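K.L.:
Protein chains in written order, with UniProt numbering: chain A, 1 to 284; chain B, 1 to 284.
No wet-lab data here; the hints were simulated from the structure.
To give an idea of the interface, some chain B residues facing chain A are shown, with a C-beta separation under 8 Å as derived from the structure:
#, residue
1, 13
2, 14
3, 37
4, 222
5, 260
6, 262
7, 265
8, 272
9, 273
10, 274
11, 275
Keep in mind that this is a model prediction, so the values were computed, not measured. For each residue, glycine too, the CB sits at the ideal point set by N, CA and C.
Protein chains: 2
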Amino acid sequence: MKWYTEQWSDNCKFSIGYNEEIHSEQSPFQKIDFYKSEEFGTFFTLDGLMMVNEKDEFVYHDMITHPAFATNPDIKKVLIIGGGDGGTAREVLRYESVEKVVMVEIDELVFRLSQKYLPITAAGVEEDPRMEMIFDDGLAYVQNAADQSFDLILVDSTDPISVGEGLFTTAFYKECYRVLNEKGILINQHESPYFAEYAENMRKAHKKIKGIFPIASVYQFHMPTYPSGHWLFGFASKALHPIKDIQVDAWDKFGLKTKYYNTDLHVGAFALPTFVKESLDRDE
Amino acid sequence: MKWYTEQWSDNCKFSIGYNEEIHSEQSPFQKIDFYKSEEFGTFFTLDGLMMVNEKDEFVYHDMITHPAFATNPDIKKVLIIGGGDGGTAREVLRYESVEKVVMVEIDELVFRLSQKYLPITAAGVEEDPRMEMIFDDGLAYVQNAADQSFDLILVDSTDPISVGEGLFTTAFYKECYRVLNEKGILINQHESPYFAEYAENMRKAHKKIKGIFPIASVYQFHMPTYPSGHWLFGFASKALHPIKDIQVDAWDKFGLKTKYYNTDLHVGAFALPTFVKESLDRDE
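Only chain A is shown next, with the shape it has when bound in the complex:
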């Protein structure tokens, strides 16, 4: 057995035993590595950071997708920025009421390799007639998109380094605001409160988003293969509140079986530990 090791901070690391590296390639944007392991099944990393694995991808993809649909069950037009593994699109496409999904992924190779090696997230996505796949820069896409053209934007990005950097900027969040309609919701990958570097990213993102959207919350979930296992998404919107406006019965009527998400957990996920609330509220 060989070991894939990720530094979670300068003094902390996480390692996964794998049987074989099944693909390694430098795309124009990043280094992509796919591995096969006993504990986590197939997984891949971008620039040496864990993105998706078969064991806990359901946590991330449930949590990026379903809270928005339980808050607004009428969502019809969805924009996914990033999400190259296909898992976010897979979850969105489970809603038969969704009419249109635009997925803008900068790195086509991530999606093609996921189709080949990670069917659990990528299979069937491209074939769905409601999908429009665009392999281009997400920031450029929203800059050119029409006003109020989406009900929901899901930012399924890497950390704010290299290709993910533009997706953590005020300019990007402002464009998201503009292209969302009056009930629009923005969900974004919001980093983590535990290790200093990630917490800094978390604070910066929240500060920017709450300066633009009238409603800006953060919710948490357990993602064991991400640094510290304590991970966050941002929920920002023009009008709908993730707790006050939750439509439990309407969501239950979708009849979706989920492995992580449920509407009790939805409410619970917005109840943050005191140190996280204080960190988000701190002005710096």
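With chain A fixed as given, assemble chain B onto it according to the hints.
P.N.:
What follows is chain B alone, placed relative to chain A:
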């Protein structure tokens, strides 16, 4: 820098860089190692498993202590089983309304070394006039304790191996039931749902406890230095429900500043992911 490494499963490990090992000793019960690190401050392990560190001990000690007090603010007599680092006693003693705390720790050396190296959890505990410290077996203690003599039992144990094993037995939980009074609450270290070995312990503990207590719930929290970071406590009681009977105003009146716990999070922590609920409900 040297590395302390813990296997989280056969194919997964977690490593902490440390500057020096400050103490290593085999007690009659277990191997005790204290380390000093940049990221986590001072930490110690028992038989090679992370117990307590300065960075996130507040998560564990908040969550083992405060949910019970918010459910029954009249708690006066508390029994702590284990908890040799002193952190659980420290949190309990913050309630001035508490009259008596009995702490039964099998391994006196853990407490003595914590007094020396980990004042953040152990300082001041033994000196509090409400404390009775007993260095003996927890199961034997409850077997000899009088009926209905405690309002709250906190089982702050290791995993169900070596010295912790007896604290995961039906015999032990039955004795806990007997020595709790009619509003009595039992909180126990309830393992984790993610890695198979821990999930098995979680299921077994829940099955035993729900066979004895009319109310038996499980709640979750983010504990990054424990395997998977997804950790659980059990809440069992004779009469009080952790959500329906929560007394938010009464708890707020205690005026305790906490870094992890708050009463919103209390409610949220009982909202478990679907896979955890299903795992707990499974009969096997």
